[in-house]
Structure formats: C-alpha cells, structure tokens
Amino acid sequence: MIRANAICKSFAGKQVLSGIDLDIKPGMIFGLLGPSGAGKTTLIKIITGQLGFDSGDVTVFGKNVSDLTGTDKKQIGIMMDDHGVYDRLSCTDNLKIFADIYGIPHSKIISALEEVGLKDAAKKPAMKLSKGMRARLQLARVFMVSPKILFLDEPTSGLDPMTMKYIHKLIQNRKAAGCTIFLTTHNMEEATELCDEVALLNDGKIVDRGNPSEICRRYNHRKAISIHLKTGEDIRLPDGIESADKISSLLKQGKVETIHSSEPTLETVFIELTGRKLENDAEARYA
Amino acid sequence: MRNVAVIIRKQLKDTLKNKTVLIQFIMFPVMTLIMENAISVPDMPELFFTKLFSVMYMGMAPLTSVASIISEEKEKNTLRVLMMANVKPWEYLAGVGIYVWMLCMAGAGIMATGLPASVIPFYLGVMAVGIAISVAMGACIGVFSPNQMVATSLFMPVMMVFSFAPMLAMFNDKIEKVAGIFYTQQLKILINQMSFDGIKPSAVLTVAVNAALALLLFFAAFRKKGLE
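Protein chains in written order, with the numbering used here: chain A, 1 to 287; chain B, 1 to 228.
None of these hints come from the bench; they were simulated from the model. A hint or two may mislead.
[As the list claims (entries may be wrong)] Below, in silico cross-link-like pairs of lysine to aspartate or glutamate (DMTMM-like), each with a Cα-Cα straight-line distance of 20 angstroms or less:
#1 Lys200/B / Asp93/A
#2 Lys128/A / Glu46/B
#3 Lys19/B / Glu115/A
#4 Lys13/B / Glu115/A
#5 Lys175/A / Glu115/A
#6 Lys17/B / Asp93/A
[Unchecked claim] In silico negatives: residues of chain A with every beta carbon more than 12 angstroms from chain B:
#7 Gln50
#8 Thr71
#9 Ser90
#10 Tyr102
#11 Val142
#12 Glu267
[Stated by the list, open to error] Each pair of labels, with its calculated beta carbon distance range:
#13 Ile181/B / Lys128/A: 36 to 42 angstroms
#14 Lys13/B / Lys169/A: 18 to 24 angstroms
#15 Leu22/B / Thr69/A: 34 to 40 angstroms
#16 Glu114/A / Arg2/B: 56 to 62 angstroms
#17 Val150/B / Lys128/A: 24 to 30 angstroms
#18 Glu189/A / Trp90/B: 33 to 39 angstroms
#19 Ala12/A / Met1/B: 35 to 41 angstroms
Since we're looking at a predicted model, the values are computed, not measured. Every residue, glycine too, gets a C-beta built ideally from N, C-alpha and C.
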C-alpha cells in the first residue's frame, strides 16, 4: 500500500530523514514512534506529497507519490496534529465544506458525527468544543471520506485517558473496515495496543522495526521474574526451569502478592537503542 | 468550479458569524444611508457622503477583509486542510476574491440607492474596478502574511493611504498631487463627475498601473510564500 525506499530529506543543511525504508501492507496499523523532532511529521508530509524529498522514492497505491491524481488523493485521509477546524462554524457546517469538496452526500455528515460521538454537538460551533471533541471532529472529517489510507499524526496528543480510549476504539473500527492506518505517536502504550508493526525513529533514522511484542521479546536480555511478597520483600529469580520449584513453593505458601515476567516495554527498548526517553521529550513539548 | 462555489458558500456562512469582517461590509453602506438622509448643510455638494464614503469603502473593505480571511486561514491551519482536500490555490483565492468582490458590490448597490437611476451603471462600473484592485491588494497582503497580526500591521497603513488620501486631498493641494498616483483618487474624480466626459488618459493610465502593480505584487507574494 505504501512503500518508501531510502528516503533522505534535509532542511538548511541539517539531515532530517536519512535512508528511510517502509513497506506498509494493506489493512495494517503501522506506528511510527519517536520523540518530538525525530522526523515523524516530515515523513508523513513526504508520503502524502505535501513535501518534496532529496533522494529515494515513495509509492502509494503502487504509484509514485508525485503521480497521484486527485482521485487517488481523495482516498487518503490525513489528520495532522496542527490541522485546524473552522471555529465559528458548527460541526455540521465544518463537515459540509468537505462533503461538498469531495462530492459526498450530506447524509454522510450525520453518520460521521455519530461515529465519533458528536451527533449531539452537531450544531455547536467548533470554538465551543473541548480539545477531545475537536480531535473527534477532525477524525469525523477524515472518516466521512471513507479513505483507504489514513494518516494520523499524534491523534491523541494531550487528550485525557477516556477520550484517548475512545479514539483508539475508532481507529480499531476503521482497521476492521479494511483501512490501512499510518499512525505517529510518542505514546508507547498506544503503539503497543494499536499497531501491527512499529518503526522506532530517532534523529531521522529507523533504529528498529517489527511487531511491538516481537521487539520487546527481542530485547529481553534480563529474562527474570520479579515477585513482590506479602511481607513487602521483592525478589528476582531467573526466568527458567531452575526457578520453577521456588516459585511454586512461594505460591503454595500464599506468600506472593504480585508476580511479573520482565520483558522490556517499547519505551525501555527505545531508551536502550537511543539513550533517549520518548515521554520526557513529549512532556517538554507541552511544558 | 465546484470548489470555488464551496469556498464562496463557506465564506458566506463564516462572515455571518464573523463580526469583525461583517462590519467592514456594512459599515459604509449603512453610514451613507444615514448621513445622506440625516445631514443637510447649505452649499454642501450633492451626494457628498455617497461619493466620499464610496471611495473609502472601495479602498478599505475589500482590502482588509481579503487579507484577514486569508491570513486567518493560514494562522489556524484550515487552509492547509483545504489544500490537502485537493482544493487548488487558484480555486481558493478565486473563491475568496469573488465572494468579497460580490459582497462589496452589494454594499455599493446599497450606497447607489440615493443616486439618479441614469448614473447607477456608471457608478457601479467604477466601484467594480476599484473593488477589484483592492481585492488584489488584500490578497497580496494575505498571501504574504503568516498570521493575522502581521496582516493587520501590513494592511492598516496601506488601507489608510488608499481610503483616506482622496478625502484629505479635498483639503490640501499638496496631498491632492500625491494622492493622484493612487487608483482611489482617480476613481474618486470619476465618481465626482459621474461621467466619462473629460476623463484624462493619465487617469486611466494611473488606474491601470495601480491594477498591474497589485497583480504583480500578488504574484510575487504567491511565488515567494505560496499558500503555506
């Protein structure tokens, strides 16, 4: 569905993307993870034809990105972090503009608002919506077009957990409907929950890629089991057959409060690979 | 052309809810009606307020509203969404330009209600030219400005010069000479005469040069900044 081969891009002599390769299959949720300034948004802009690149090639729907026609572009939905809505217009009027541009019947507007849970706010001016509702209005704008590919640039950035969960559900529904989704995020939990495949981007380079669980298993160097006892004591045992008797004995004695294997998270893998934290960078951005 | 019509419809809905832009369109027509009917001073030239406010209107309303609309869309990133939806830059600019021009012409129509019927086509023709040039000037500022604050700081002096110079020219000969290089002053002379009789070729040339300059600056701004 989307292929990129050795994409390089620089701004004013600074290399922003370096040798990016991608192969995103139809119907998958692909996550591009990285801290702010890693080049995530730049890559989306290149793949969607908003930005040129220095070398390499990008194909979408099997066509070179520069050869995409208006019809092709109408099958691509893009929700960028910084995209705005018309504040003074109601939710319905906001969607009506794009329904008219895309030639979509107005009956689809209500179903799109219903899908994102904004039916009751249909007549409310966008300026009176909360941040989460605005994000859902933006989603309704791209969902209404029924795109084959959906680009979501940090769709849950700065949202409360409830809204985040709601948006995750909407994204999963789209995937179930056959949509290919390209998601950028700095939220590791979000990536683990939603993505079939992720690529970890740091300083314009992909440092690793694969299924989130596979990546975590691959970097599971410690292979340990952590047990928190009811006495308050923490013990760590090797993750192997040699610990089976000890664990069994503790369980039989009813001493175990919690027990965990110690696979790394995507966050710890990222730190191991780059020496950088994702969330801290993101927090710094909102500070 | 469908996208141009969509932009016009969007602007119409938005303007009705945007008091700062809406007031630009209705202030002078309403003031004209009120002043023409309420004030009567001996020896005051006939249709004094209509002629005076018409020139101020053509130099102010289209310029400020086009610049405000474009710069607001840039600032709030809604213009980028339109471009992503495959609306071409020319479709957007044509939509905004046509919309503002039509709305200003409607305002001019209201201002023309006090004129003798025989001169109304002439008056509207002159206003159409002046409003079109101001639309191009406003588009130039809107395209050049990254946000509304920059647009306001640019269009305020430009608008003041074009709309107030013809009024000040009535009281000062030196200002009149300087104002002569502006299209608003030349069009004011035509509106005062309400006839093409005795029109000087230099006046036509001045208006043409102003129009050409507005277009040239617009294309230069568009080439440099695009609609990003």
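Hint check:
The straight-line distance between the Cα atoms of Lys200/B and Asp93/A is roughly 50 angstroms, outside the 20 angstroms bound, and the hint therefore fails. Only pairs whose Cα atoms come within 20 angstroms are accepted, and Lys128/A paired with Glu46/B is rejected, the gap being roughly 49 angstroms. Distance check on the hinted pair: Lys19/B and Glu115/A sit about 33 angstroms apart at the alpha-carbon level, beyond 20 angstroms; violated. For the suggested pair Lys13/B and Glu115/A, the alpha carbons sit about 25 angstroms apart, so the restraint of at most 20 angstroms is broken.
With a C-alpha separation of about 14 angstroms, the suggested pair Lys175/A and Glu115/A falls inside the 20 angstroms cut-off, and the hint holds. In summary, the hint linking Lys17/B to Asp93/A is supported, as the alpha carbons are separated by about 12 angstroms, within the 20 angstroms threshold. Interface exclusion of Gln50/A from chain B breaks down, the closest Cβ pair being 7 angstroms apart, not more than 12 angstroms. Once the 12 angstroms rule is applied to beta carbons, Thr71/A is inconsistent with being away from chain B; the minimum gap is 9 angstroms.
Some Cβ of chain B comes within 12 angstroms of the Cβ of Ser90/A; the nearest lies about 9 angstroms off, and the non-interface call is violated. The beta carbon of Tyr102/A is not kept farther than 12 angstroms from every beta carbon of chain B, the shortest such distance being approximately 7 angstroms. The non-interface label for Val142/A is inconsistent with chain B: the shortest C-beta to C-beta separation is roughly 10 angstroms, within 12 angstroms. Listed as a non-interface residue, Glu267/A keeps its Cβ farther than 12 angstroms from every Cβ of chain B; the least gap is roughly 30 angstroms.
Distance hint for Ile181/B and Lys128/A: a CB-CB separation of about 48 angstroms, inconsistent with the stated range 36 to 42 angstroms. Roughly 32 angstroms separates the CB atoms of Lys13/B and Lys169/A, a value that falls outside the hinted 18 to 24 angstroms. The hinted range of 34 to 40 angstroms is satisfied by Leu22/B and Thr69/A, whose Cβ atoms lie roughly 39 angstroms apart. Between Glu114/A and Arg2/B the CB atoms are about 26 angstroms apart, so this pair departs from the stated range of 56 to 62 angstroms.
Checked against the given bound of 24 to 30 angstroms, the beta carbons of Val150/B and Lys128/A, roughly 28 angstroms apart, stay inside it. Evaluation of the 33 to 39 angstroms hint for Glu189/A and Trp90/B yields a failure: the beta carbon distance comes to about 45 angstroms. For Ala12/A paired with Met1/B, a C-beta distance near 40 angstroms keeps the hint of 35 to 41 angstroms intact.
Comparing the model with each earlier hint shows violations of hints 1, 2, 3, 4, 7, 8, 9, 10, 11, 13, 14, 16, 18; every other hint is respected.
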